[in-house]
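Enquirer: Chain by chain, the residues run as shown.
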Amino acid sequence: MSQHAEPTSFAFHADSLKLVEKAIAKYPEGRQMSAVKTLLDIAQRQMEQDTGSAWLPRAAMDVVAACLGVAPIRVYEVATFYTMFNLEPVGKYHLQLCTTTPCWLRGSDDVVAACKKATGIKNFGETSADGMFTLKEVECLGACVNAPILQVNDDYFEDMDAARTTALIEDLKAGKPLPPAGSLAGRMSSAPAPGQTSLRSNPSAGE
Amino acid sequence: MAKLTIDGIEVEVPNGSTVIQAAEAAGIEIPRFCYHERLSVAGNCRMCLVEIEKMPPKPVASCGQPVADGMVVHTDSEMVRKGRRGVMEFLLINHPLDCPICDQGGECDLQDEAVAYGRDTSRYEDDKRSVAQPDWGPLVRTTMTRCIHCTRCVRFTTEVAGVAEIGGTFRGESTKISTYVEKALSSELSGNIIDLCPVGALTSKPYAFTARPWELRKTDSIDVLDALGSNIRIDARGAEVLRILPRINDDVNEEWLGDKSRFSVDGLKRRRLDRPWIRENGKLRAASWEEAFAAIAGKVKATAPQKLGALAGDLADVESMLALKEFFAAMGSKNIDCRVDGASFDASKRAFYLFNTTIAGIEDADALLIIGSNPRHEAPVLNARIRKHWLDGGFKIGVVGRAQNLTYEFDHVGDGPQALQALLDGTHPFADVLKAAARPMIILGAGALARPDGAAIHAAAWQLAARFNMLSTDWHGFNLLHHAAARVGALDLGFLPGEGAMDAKAMLSGGAEVLWLLGADAQAVRNIPAHSFVVYQGHHGDAGAARADVILPGAAYTEKDGTYVNTEGRVQQAYIAVKPPGDAREDWRILRAISAYLGHALPYDTLAQLRDHLRAQYPVFAEAFRRFAGTDATGPAGAAALGSGAFAPLLANYYQTDVISRSSPTMAACVATHYPVAEAAE
Chain A
1 MSQHAEPTSF AFHADSLKLV EKAIAKYPEG RQMSAVKTLL DIAQRQMEQD TGSAWLPRAA
61 MDVVAACLGV APIRVYEVAT FYTMFNLEPV GKYHLQLCTT TPCWLRGSDD VVAACKKATG
121 IKNFGETSAD GMFTLKEVEC LGACVNAPIL QVNDDYFEDM DAARTTALIE DLKAGKPLPP
181 AGSLAGRMSS APAPGQTSLR SNPSAGE
Chain B
208 MAKLTIDGIE VEVPNGSTVI QAAEAAGIEI PRFCYHERLS VAGNCRMCLV EIEKMPPKPV
268 ASCGQPVADG MVVHTDSEMV RKGRRGVMEF LLINHPLDCP ICDQGGECDL QDEAVAYGRD
328 TSRYEDDKRS VAQPDWGPLV RTTMTRCIHC TRCVRFTTEV AGVAEIGGTF RGESTKISTY
388 VEKALSSELS GNIIDLCPVG ALTSKPYAFT ARPWELRKTD SIDVLDALGS NIRIDARGAE
448 VLRILPRIND DVNEEWLGDK SRFSVDGLKR RRLDRPWIRE NGKLRAASWE EAFAAIAGKV
508 KATAPQKLGA LAGDLADVES MLALKEFFAA MGSKNIDCRV DGASFDASKR AFYLFNTTIA
568 GIEDADALLI IGSNPRHEAP VLNARIRKHW LDGGFKIGVV GRAQNLTYEF DHVGDGPQAL
628 QALLDGTHPF ADVLKAAARP MIILGAGALA RPDGAAIHAA AWQLAARFNM LSTDWHGFNL
688 LHHAAARVGA LDLGFLPGEG AMDAKAMLSG GAEVLWLLGA DAQAVRNIPA HSFVVYQGHH
748 GDAGAARADV ILPGAAYTEK DGTYVNTEGR VQQAYIAVKP PGDAREDWRI LRAISAYLGH
808 ALPYDTLAQL RDHLRAQYPV FAEAFRRFAG TDATGPAGAA ALGSGAFAPL LANYYQTDVI
868 SRSSPTMAAC VATHYPVAEA AE
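Line order of the protein sequences matches chains A and B. The first sequence lines up with residues 1 to 207 when you count with the working numbering. The second sequence lines up with residues 208 to 889 when you count with the working numbering.
Since the hints were derived computationally from the structure, they do not count as laboratory data. Hints are supplied without guarantee of correctness; some may be wrong.
[Claimed, not checked] Only pairs whose alpha carbons sit at most 30 Å apart, straight line, appear in this in silico DSS-like list of lysine-lysine:
(1) B:K556 x B:K642
(2) B:K603 x A:K122
(3) A:K117 x A:K37
(4) A:K136 x B:K383
(5) A:K37 x B:K383
(6) A:K92 x A:K37
(7) A:K26 x B:K603
(8) B:K786 x B:K490
(9) A:K136 x B:K335
(10) B:K335 x B:K289
(11) A:K122 x B:K383
(12) A:K37 x B:K786
(13) B:K390 x B:K335
(14) A:K117 x A:K26
(15) B:K595 x B:K412
[Stated by the list, open to error] Label pairs and their calculated CB-CB ranges:
(16) A:E137 x B:V248: 30 to 38 Å
(17) B:V248 x A:T83: 24 to 32 Å
(18) A:H4 x B:K390: 49 to 57 Å
(19) B:L304 x A:G107: 52 to 60 Å
(20) A:V70 x B:S284: 38 to 46 Å
(21) B:K265 x A:P203: 43 to 51 Å
(22) A:K18 x B:K289: 54 to 62 Å
(23) B:D632 x A:G30: 52 to 60 Å
(24) B:K210 x A:T83: 47 to 55 Å
(25) B:P872 x A:A113: 27 to 35 Å
(26) A:G175 x B:S337: 42 to 50 Å
(27) A:H4 x B:S337: 50 to 58 Å
(28) A:M33 x B:P303: 52 to 60 Å
(29) B:P221 x A:P28: 24 to 32 Å
The beta carbon of each residue, even a glycine, is placed where N, CA and C say it ideally should be.
Okay, chain B solo, but in the shape it has when bound (with noise of 0.2 Å):
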């Protein structure tokens, strides 16, 4: 620890750390624009610039200068002032003066230190530099005439998001950071290189002069288009969503974001089902709360509890879910089910279908094991973190399942699952790596689950994390990673069909009379047999709704508020941004009111009372978070032998994958340039 005296206020750091490090620690801001924290030192933008008594008398940038006991700074000195106007003119000699009509207006390092530094006119009378605007595909818009060349953009593609595709070209007065080649960004975490440039040479392309920050209404949210359980805020201007920023929580997603839960916003605005909607004679007709509800009660009353079934889709809340099992429970029926891609295996520990080792839990492994899962798809920002880890060294990787890009070195140690066999005899040399490790862990697609060995593959997995000393009293290293958001928070409730009762996969092919989907819109909805009555509660137009004989239109994850358990198993509450279009209304509203009309009323009225009875029901919900220690080493059932085909990518692609990003056009425009063959074949 070094002991440092900044502006009169002592502090002690660790030895290494930087003097703005220090100043931070210290509650002092210094303005910067190339340094962050999460990225390398560059030091080019010489903003931070501090005085320090003792050193050559000359201005210091503090965010390379690393700290020294003893050392006295001054971080508002006349000196410092001096330099850093020096500095900000410098910047502002080539910076257009198109504040008005920049995206980054009110947001903008530059106009905020300008502010403060900045001089009341130009003394350079010379024409500035202007510099072509390059496409850099559907989602980052370009404008380098304003940029100051802090290269962040450059050192998080390169070293977050592992693809180096940006770089500073030419020189001097020709400086430009450019991809050379003109290109759309391969990275699934593009959007994040708007949120850190500095100035505004770096928009969002689809939010392109919408609004003005000041105009928006910010809501804390959770984004649920994968299982991270991403922190996100929501930025809303009337009854309208305009985006999504990530917000920082270290154990999550750091501060980053993947570019489907950014950019789909577009997707809230389409193909919503704003009302009811009853079929009659093969057609759907508009028609009235009323209406639907007495559709559903006459076909309901007319079939047998056991004939009823209800399954969960993937972005629902755990209110409503609660409210969905337990209004099946009064009606008599245990055919529900969460796990409408046909999985099925032994979730009946919670330990057996979490992301035990946590995802912060990744950067103390020592090497890994990825089993039928493409992290880079089903959880962008989980990926940066193993790649962060990777990055640091001594962090060995290995791939069950199709050999892709995912941003870090690993070994292919087979396609399928007999791989899991040959690991498990020592027979891949691989498996030489696990054993020495200190601290393996594994990561299991929840795809691998849905193949018809998936209960087998889930206990050849558990069989290997008991193998090779990944459940320690310390240590635990089974991991499941989800794509659903609701997934988790589904088999917590224990959403799934009681002793004796039907599974999904059961339901979807008819053994269901009367067919509950709670926003369930997998592909497999479309072939419901025509004898089946399917409700479908959601609030997109998808499969699901074209399947359905009832429409209830429910709110989307920014219109209500919401409780969701990401794959680590970390409860977290969203809130509501806007209401619901039109007629929608929350969902776990729509099941408490249709349970009244029903006879059997649900016991809770509002959301505070159905979350206290939810924490009652399952203490889960109540507890603080913490990561499982693995000594309970039972593994789950599944006696089935392992088959022999290849792991398949679970996600055709990154960007359409669920309701919302299916009618997002930003999505549809980044499947057009990133998968444009598999746009031609269809």
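Excised from the complex, chain A in its bound form (with noise of 0.2 Å):
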């Protein structure tokens, strides 16, 4: 674990509080603990817009303890189990790499390696030295069929290889925006990558 400053304090702004709310309203009386990972996630979400970085320090976890009525233990719980859940700061762009045997049979090799030479990360789990990147290995994300993918953020970009990986960084090196989220290969969905194979033409068009 690295070594990082944890914030002495952390409290939900009004608009969070409101989401808060309507988690916590969703339970029944006495099961408010099933709002956890909402909750943490609304905490992260507030992090990331006050500080750039999506991640949840100890004190919003016993924030969100404190709104369920919980002992903060049961919180951390959680929050270590889950991936999605960053208990250190990261980049601005949180690259989370899938290496599962799907995306490796289709050249996540290739995608690890060209992440690591355009944000000069050394290691899964670092940070780069400009505070842009983070990058880390998950387990599947569960989008095979366009495989690999590369979760930035919230959105998965699919069909990667080496080229698109390192013009996607470089790209938000450059300051520019995210492109829209799916295949970089220029299919839809997952739709057959040569184009379409069937339904080519309306067959209720008639002879």
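Using the supplied hints, reconstruct the complex from the two chains, each of which is provided in its own coordinate frame.
Expert: Rendered as structure tokens:
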């Protein structure tokens, strides 16, 4: 674990609080703990807004525990279980790269190398020197049909290869916004890459 | 009831039982790591696999499988054995092979079961995982590399101890049982997770690398560091007590033990009085028994009997208190008292000073009013029982006194005795709770009786009990929670001032010219005026010994056969585990010897004779334990008005309350850890 400064306090903003109340209200009395993941997510997004880094300081987890009326350890258990919650500061762009079998078969090793080269990150889990990128290796992201997958913050970028990865990262470095999520090979969803193979004409149009 | 067959044995168990419980009822042992009968079912170790006919053809975890009528279970079929071997192999993948340097060795569940289900070699070629050793405070030593993630410690601290501080963090290979934020466990029951841990991940820090279990001599005994009378086992080697573990007694301590009772053992070896001492020219000098007796005899013979006084301390056994009482009676003195804390209340009936509901009876109550007591500190195991019943639901609790974290929710009724008046008048809403309850109970802290208005509080609490339906033929809801292990035994003996005689306060403030302290170490003894000649009979050099003119070295509770009566009036027997150090002797023998020296020989020469005499004089010691009926509603005398001051905590801290725990470096470390501010202020 890297050493990082933990903020001493955390408080939900007024607009976050509205979301918190809404999330808790979904569950019956005595079952507020069910809202824990939603609350952690709200806290992490607020941190992103405030500091540019989407992560959960301990103070934020304690605030979540207080909101739910549970012991802090119950919140730590959940936050440490899910890789989606970052317990240390991350870069502006959180690169989560799938290296599970289908992605690996489809060339995720090249994507890893490209990520490392373009960002200057040496190992998984590290943040680039400029603080822009954090690279993490994750298990199956569930979009194997368009493998390999690179998740940047909330968005999936699919059909990655070395060139597309480098281009994407260079664009981000240059200050461009994230492109629309989905396949970067230009295909629609998981339609066949060479183009449509069936339903090329409208059968109901008649002879 | 469900009838099922396990390995050909037919058993009938209540519906809702699990297969592992049914097997237990049939006398069949099923190996388990995570299952524990006093904790919730986790079902994550998978060691308790069994085969059940007409179920899907795979092994089933018996701890989480409810029984059904007509079930046929096999606990030793080929499928079961194969399943358990597989589980064991997985558990051992990451478990280190460090049994030779592990404190759990010899009493390790994993070690034992590996003998039955383990392979002789490992098929696993990769590196084993290793986990950091977090610091959980001065009592629990962690070696989390050995952890098999059974989560017993997590469930115990969350459910029984009521301090949710441990959890299962991270996941998969990285799973760690941890506090996440490293800290000392803040529970008074934390030592129990050492017993619960089925492997060597959690071991006792003070006892680390001290002994192997097969080297220890085990003696059944009774804990005296609070008034609960928890059943304990003393493990000793040679002349040394090495550790103390709880014994199972469902009526008293279930199978738990407070940290003070468990970890104060090192106090038994420090600051011990191992020879008589005499004060000469203001300084204590070592002396022989003969010299000490001569010094006492000289003084006693020169003093009128009305000026002789005796006080029994908090740790005294019944036998020595009986000997002391009869010794003083023989000399013609009625100045005896056991309430060194200065309490004065009507103890004329047994029901006035007992925990009448009984400890197990708490689970039958539906409302509780705690008055001037912090049971979490004064009797942590009893507090766990209250919490257990509170978790069951429908148990309303009110507190008069300081509002503190008691590990359960309560209504704070008030700070001082005026709240009792409000309840009696029905002006406080909690009165309606008590009124609506079918079996309400009151716990009155013994500390409240030491106040100047103690007798009035005692009477008011009894009035509350009478008013709110707590006294009936099948229920007695009036309870006095003592803190001193000796107190109920002393009250049963009538170790109280006779007609017109001096009480503890009068004796301590100079009324007694010769004052005999039987282990009486309250801070008040420091202020005994100089003209009193003080004989201190006890086992630790503390306040009493510092003030004494003659010191007679006695035996600690581990060093004598003794009878103790717990706060509910249960007469229990402790056995000698080791001999007292040096010239120290069992206390009743000292009193027998000095009585003969002074020409008033007590009528018993052996412990058996003493006990026969005890049972003949005080039949309560011969009776079997029973719960009192609350048919006699006559209250204790206490006409004085209630005071107005708030109830103050009886104990400044949980860990150091008596001579033994004050001598214990482990308890000192606990105080330094848990009361850092108080420590700095001193």
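Enquirer: Look at each hint and say if it fits the structure.
Expert: A quick look at each hint next to the structure:
1. For the given pair, B:K556 sits about 26 Å from B:K642 by alpha-carbon distance, which is consistent with the 30 Å threshold.
2. Our distance criterion of 30 Å between C-alpha atoms is broken by B:K603 and A:K122, whose separation comes to about 60 Å.
3. Among the hinted pairs, A:K117 with A:K37 is inconsistent with the structure: their alpha-carbon atoms are about 34 Å apart, more than 30 Å.
4. For the proposed pair A:K136 and B:K383, the alpha carbon gap of about 21 Å is at most 30 Å, so the pair holds.
5. The hinted pair formed by A:K37 and B:K383 meets the criterion: a straight-line CA distance of about 20 Å does not exceed 30 Å.
6. Distance check on the hinted pair: A:K92 and A:K37 sit about 22 Å apart at the alpha-carbon level, within 30 Å; holds.
7. At most 30 Å may separate the alpha-carbon atoms for a hinted pair to count; A:K26 and B:K603 meet this at roughly 28 Å.
8. For the proposed pair B:K786 and B:K490, the alpha carbon gap of about 29 Å is at most 30 Å, so the pair holds.
9. For the hint pairing A:K136 with B:K335, the CA-to-CA distance comes to about 24 Å; that is within 30 Å, so the pair holds.
10. Using a Cα cut-off of 30 Å, the hinted pair B:K335 and B:K289 holds, with the two alpha carbons roughly 24 Å apart.
11. Restraint check: the Cα-Cα separation between A:K122 and B:K383 comes to about 27 Å, which is no more than 30 Å; the hinted pair holds.
12. A threshold of 30 Å between alpha carbons decides the hint, and for A:K37 with B:K786 the separation of about 59 Å lies outside it, so the pair is violated.
13. Taking the CA atoms of B:K390 and B:K335, the gap is near 27 Å; set against the 30 Å cutoff, the hint holds.
14. For the hint linking A:K117 to A:K26, the alpha-carbon distance of about 45 Å lies beyond 30 Å, and the restraint is violated.
15. Taking the CA atoms of B:K595 and B:K412, the gap is about 28 Å. The hint holds against a cut of 30 Å.
16. At roughly 36 Å, the beta carbons of A:E137 and B:V248 sit within the given window of 30 to 38 Å.
17. For B:V248 paired with A:T83, a C-beta distance near 29 Å keeps the hint of 24 to 32 Å intact.
18. The supplied range of 49 to 57 Å is broken by A:H4 and B:K390, whose beta-carbon atoms lie about 20 Å from each other.
19. Restraint check, B:L304 to A:G107: a C-beta distance of roughly 41 Å breaks the suggested window 52 to 60 Å.
20. At roughly 43 Å, the beta carbons of A:V70 and B:S284 sit within the given window of 38 to 46 Å.
21. Against the hinted window of 43 to 51 Å, the Cβ-Cβ separation of B:K265 and A:P203 comes to about 49 Å, which satisfies the hint.
22. Evaluation of the 54 to 62 Å hint for A:K18 and B:K289 yields a pass: the beta carbon distance comes to about 56 Å.
23. For the pair B:D632 and A:G30, the beta carbons lie near 34 Å from each other, so the given range of 52 to 60 Å is not met.
24. At about 49 Å, the beta-carbon gap between B:K210 and A:T83 stays in the expected band of 47 to 55 Å.
25. The given range of 27 to 35 Å is broken by B:P872 and A:A113, whose C-beta atoms sit roughly 58 Å from each other.
26. Distance hint check: the CB atoms of A:G175 and B:S337 are about 44 Å apart, consistent with the given range 42 to 50 Å.
27. The supplied range of 50 to 58 Å is broken by A:H4 and B:S337, whose beta-carbon atoms lie about 23 Å from each other.
28. Evaluation of the 52 to 60 Å hint for A:M33 and B:P303 yields a failure: the beta carbon distance comes to about 35 Å.
29. Distance hint check for B:P221 and A:P28: the Cβ-Cβ separation is about 30 Å, which falls inside the suggested range of 24 to 32 Å.
The structure does not agree with the numbered hints 2, 3, 12, 14, 18, 19, 23, 25, 27 and 28 stated previously, though it agrees with the rest.
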